[in-house]
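Protein chains: 4
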Amino acid sequence: MTASRRLGVGIVGSGFNAKFHLQAFQAVRDADVLGVWSPNRAHARETAGLARRLDVGQCRAFDSIADLVGDPAIDALWLCGPNYARIENVEEICDAVTRGTGELIGVACEKPLARNVAEAKRVAALTRKAGLRHGYLENQVFAPQVEWGRQLLWARGASLTGRPFLARAAEEHSGPHMPWFWRGDLQGGGVLNDMMCHSALVVRHLLTEPGQPYATVRPVRITGRIASLKWSRPAYAKKLAAAMGKDVDYAKHPAEDFAAVTIEFETADGHRAIGEATTSWSFVGAGLRLSAELLGPEYSLSWNTLDAGLKLFFSRAVTGKAGEDLVEKQNAETGLMPVVANEAAAYGYEAEDRHFVRVFLGKEEPRLTFEDGVEVVKVLMAAYQSAEQGKTLAFPPRGLDQFKPAVARGTWQP
Amino acid sequence: MTASRRLGVGIVGSGFNAKFHLQAFQAVRDADVLGVWSPNRAHARETAGLARRLDVGQCRAFDSIADLVGDPAIDALWLCGPNYARIENVEEICDAVTRGTGELIGVACEKPLARNVAEAKRVAALTRKAGLRHGYLENQVFAPQVEWGRQLLWARGASLTGRPFLARAAEEHSGPHMPWFWRGDLQGGGVLNDMMCHSALVVRHLLTEPGQPYATVRPVRITGRIASLKWSRPAYAKKLAAAMGKDVDYAKHPAEDFAAVTIEFETADGHRAIGEATTSWSFVGAGLRLSAELLGPEYSLSWNTLDAGLKLFFSRAVTGKAGEDLVEKQNAETGLMPVVANEAAAYGYEAEDRHFVRVFLGKEEPRLTFEDGVEVVKVLMAAYQSAEQGKTLAFPPRGLDQFKPAVARGTWQP
Amino acid sequence: MTASRRLGVGIVGSGFNAKFHLQAFQAVRDADVLGVWSPNRAHARETAGLARRLDVGQCRAFDSIADLVGDPAIDALWLCGPNYARIENVEEICDAVTRGTGELIGVACEKPLARNVAEAKRVAALTRKAGLRHGYLENQVFAPQVEWGRQLLWARGASLTGRPFLARAAEEHSGPHMPWFWRGDLQGGGVLNDMMCHSALVVRHLLTEPGQPYATVRPVRITGRIASLKWSRPAYAKKLAAAMGKDVDYAKHPAEDFAAVTIEFETADGHRAIGEATTSWSFVGAGLRLSAELLGPEYSLSWNTLDAGLKLFFSRAVTGKAGEDLVEKQNAETGLMPVVANEAAAYGYEAEDRHFVRVFLGKEEPRLTFEDGVEVVKVLMAAYQSAEQGKTLAFPPRGLDQFKPAVARGTWQP
Amino acid sequence: MTASRRLGVGIVGSGFNAKFHLQAFQAVRDADVLGVWSPNRAHARETAGLARRLDVGQCRAFDSIADLVGDPAIDALWLCGPNYARIENVEEICDAVTRGTGELIGVACEKPLARNVAEAKRVAALTRKAGLRHGYLENQVFAPQVEWGRQLLWARGASLTGRPFLARAAEEHSGPHMPWFWRGDLQGGGVLNDMMCHSALVVRHLLTEPGQPYATVRPVRITGRIASLKWSRPAYAKKLAAAMGKDVDYAKHPAEDFAAVTIEFETADGHRAIGEATTSWSFVGAGLRLSAELLGPEYSLSWNTLDAGLKLFFSRAVTGKAGEDLVEKQNAETGLMPVVANEAAAYGYEAEDRHFVRVFLGKEEPRLTFEDGVEVVKVLMAAYQSAEQGKTLAFPPRGLDQFKPAVARGTWQP
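From first to last, the protein sequence lines stand for chains W, G, E and F.
Everything in the first sequence is counted per our numbering, starting at 0 for the first residue and increasing by one.
Everything in the second sequence is counted per our numbering, starting at 0 for the first residue and increasing by one.
Everything in the third sequence is counted per our numbering, starting at 0 for the first residue and increasing by one.
Everything in the fourth sequence is counted per our numbering, starting at 0 for the first residue and increasing by one.
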């Protein structure tokens, strides 16, 4: 039996996303999840218990973020709280570090980095000032099918016949589980802010040659469109209020449940390329659908998580309970149902956590930092601006740093 | 930084299969690969180097199996050598342990456990006598899609409408890479012996209720069929000799490149169930195809590794080199090509290695032991007997323990 | 406006199958459906009305088969009655023709030609004696995907790298709609007799070079297996009796609901080839699944009617009625559901009817005659013999002409 | 043998599209193709010969459109000539009819009806004035998968849970075969003008309740984007000139090879709906890809012609010639290749021709007239206007009737 240097990880947050990370850490060699903090103490305890059951570390619930920072066994924090708490969470971490409550190597922060450009810049500035290493948690870039497909397509196709010129990515499901996602004021927007961060980066990632920085594929023009297709219909606004509580009032304060963005890029080698990204909370299919395409002169790639190699079929005689056991955001229990057998792997969490553990252990350079997170927020805000104005905008558009979407301000009318 | 109890692993063998395990160990938390032995010293060094590059342990090449056993940091061996060396490898391990050269917790052995029933029983007996824990490495049973699909189908379908009655499994590709696979005398048979061990167990696994032992689904009748469809055609026998060396002479000593087995089971709850298993070295598709189906009165499951969510397309203008970068046993470089993004995970190696590491660390009970491996060999030999006699046999048939297939004896004529 | 020579068609039967032909005639240029006879006069009228609504001819109900023969506008009959009425129907046709009641060019007869070899030979002999042309209605051989796939694979693959050596075909669904199918005495067997006629011919068809006769691919050994997997379970036997009437008593007189046949062929060019055919009434998936594979040294073909380019998804909130509007033998109304948009075309009825109309108009030679139908019945009966004896039989086995399956005799015990 | 009233059809044009119609007429009951005119007399003869070989009529080549009109056996013309000849062709037809050279029941015209709004209006006005019935040939609306999927989705999904709100359609391939398509001046634009006519109508069609007129789903805002992604790259501009002749000079006069349009609709029942349509000449996949989606609150539909139930695989050892035998605009000959077994049926030509034959025989009301064709051209021109201005436009925008795209005027710079 031997010993090796391992990273002690603390998790801020106890929701859906935190659980994905716990599952993922089962496939990470050099890290232990040792602490969880959540404003809801019961949730924190439950999440810590799950971590122990999954045997990813001798995890316990902490009373505060400062306590997490103060535990000498904890080397890095995974920031998985809600968007509206981001600034507060980061301030508490950086305060604790600056005050010497404890030491941290780094912080990994879930997407989006923040609700708007001003907030995102503040997150990055605080972290830099506290001297912390930082990683931006965009799981889809680490999804094995995205990563391996991109490698192969560039190696076999682009090298021989020229770089790709069109990338598409979409994330679509039937709507989030927790009330705060639906509130523009807390979340920062609707589905564009919630999920376009994924797809907008995925298209750029696919268009960028492996080994090259994203700066070689620079956004120059952005066209955004948003709409409320389903959830502001009176019957669905009512359902939403019933499920999420009265504070989610889509009759008065709707948010977009559909968004599409077209990004024109200029590449360092003098080409134009186009990225088309779509997100939806008004999609109904087997469940969460992540998809992408990458096209070049003599090749193409397509990715769709619902084209799974495993499918179940249940006849109308099978009358089981509704659930999400087959796939995230599952919408039916009979008929043909694709199954994503290991969602934490398929959606990129395993590879992502493995990467950032190695980054904080000094074994790898970060592929995504808070600077990348800031850039993504800029693209999202430009898309909102474009949608509000009904025209294509040169990127970055004027006023981007101060911009807050009408949806976030509660003034949007579909 | 914390320390934790870890398993030191030594690997016997340096081929294709050993490399799959090295990749898999990247996703295993509590083990380090510390040693490799191979009769070919250069291969051992190369494999040890790969292990270090993958950062799965401070691995080095050893001069003998006994040396592996003798290293106090090594707690368990993964037996990944060729079939014809199995007895010799196991003898050397057990000798070393018995002589006190070193201590081992256990041995995990690749499939098939041995070339015939007599050999398989000897492997099991030696290991038991040496007091070692043992694990039978059948990766497909651990494939996430198999495991998760089986769980869901039993939980949602069988519990409400009755147990499944038909399982199908197939493993098909265009033929193995190394000469010894093609020689009946060394390998023990043709494709039936090489790959039916997977599919014959997968059908039984699927038909067995999760949490119940395989003994609840007992084989009672077996029908086997073998044929040489492709590789004994003169042109292909010639190609084979050119690629594999003169000792592989399919004109004189062919082995079957196609096999199908039907197993009738009796279940502990009084039902009949059927397993259909097929294997082929004469399949040409995108590459290795693992597939299965499970059918019951109101439900079904289907699995196919080539129905991948990631697909690449290269036009006829893309003229890259032949390779296996898209999928194992890849057969083309243009057209639509499914990509299995992480084969070590998809085929079950990650979950398998994670399980047996936990078994040897005392955290889990083994799901598959050498007894299971012996039982699989019995089924394979019964299938050969049935094929040679052209009739269905009650299981176990007479003379099973002494039986050697005509293909292994070099007397088979297709 | 011009006139052209057209074929007047009369249909014997008014069931499921007759309706498929009516739909198909919408895509046939040179024929009009002018008459229908059924023992149930109301059904005949209804079917004639459907033909008029579909505008495939000024169709009316007839009082007898002889009346159909006697109508001078009717040139050919399509025999779509149940298996147990086949001999009687053919006798009535041939009597009427021989007696000079009317004139016919030919008769097209649905599959299987009859319930056993003796009956099939009698159908063929009567028809020959009456001087009628004859066509054997095996739709799957005319399915566009089968026909076009076979053409391409032979032209591109086999011509360059050698003939195919393995064909698979399966027809699987959840059971027929009408009681007589379930009764061995009336139908002649279970699912093997009902549907293996399709798949057993499809494998031979695929293995035969386009333009060559089936005699170039001759069956030499046959292995059959039958089982009752679902419908003899007490709960399902009860459901069956409730749905089909007391005369369908699977507790006492079960029929097989699963069958598999392996046919070894010898080819005129000196090769062996294998056909694997499977049929099931115990399959539960989206609906009827027709599938096939054809494999050769450097190529393969796969066909699956449920891999449709059109898919619908309905969430658990969509609570519509059970139906078969998406696909034949549909098993669910929510979840992902493949849709076969034009089943009469997809399953081969359009091309089949177009062909036999042209045959009877003297424009084409028949691709399938009653002799082919007799040969298919021989294969099915040999498969039953093999299954009953538990061994592979040389084809044709002894006693084939007199053989009646135990299932047909009511003596089979699963 | 009986006679029936049949439609005599004359075809103007002898290209790719005309051949699709000839194949389709094999499945049309009540029409004969009797004449073909083409400016190239040899092509006309060849096309007439093909019609006779396909046995769709005693077809012969005519010397002029007026001669076609003058033949008393010809009742209707199918207008399949190039876009630049549309006005001239229609004038010649209407002149001949007006002068009494002959009689026609009607004219069916291929899409797009014309190159811009002014021309389209002239086509419609001339036809009306000549007293002819008219049909707009948009095949995709008749594709069985589109038609049947739409019926089912509205019947099962929309009726219970509310109308659909999002439709997507795309037509993508690697570029047209004939030089004039590539010339903005002759064709009227690039890929937007060539193929968006399909997709722009398909999205509206899907969003319209079956049985209701398109007017119930009215376009109110349009956003268009065009780009030249592949063919203006110097290497490809050179290839194009080499293949198409010097008059196709993409270095100087490029046309867009990629276009995307978003159409916002207002529905008669007070909802908003969105249509997203995409077309591409810079797509590389197995071949022509037609796809669509339709989404509503609890359901969705997806259609993709390349998700075919028939697939062939050829290994790298199969070295056949390039072709389009597997699928239109095929891009490879090895690897996995989907096959569209009957393209004339799958793409809607059979059902379309059957419909318009019945329309001209007085048996059905036309589903698409020249008025629909004019409306489609308006949408296309508005999309070009939007793309040129970089903003969303209210529909119809000002100046639409006089608008000619920069691409058509030869002044577009990507």
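Hints may contain errors.
[What the hints assert, rightly or not] Dumping the calculated DSS-like pairs for lysine-lysine here, alpha-carbon to alpha-carbon at most 25 Å: (1) W:Lys-320 x E:Lys-362; (2) E:Lys-362 x F:Lys-18; (3) G:Lys-18 x W:Lys-362; (4) E:Lys-390 x G:Lys-403; (5) E:Lys-390 x G:Lys-390; (6) F:Lys-390 x W:Lys-403.
Treat the hints as calculated values from the structure; they're not laboratory data.
Numbered hints the structure breaks, given as an ascending list: As far as the earlier hints go, only 1 is violated by this structure.
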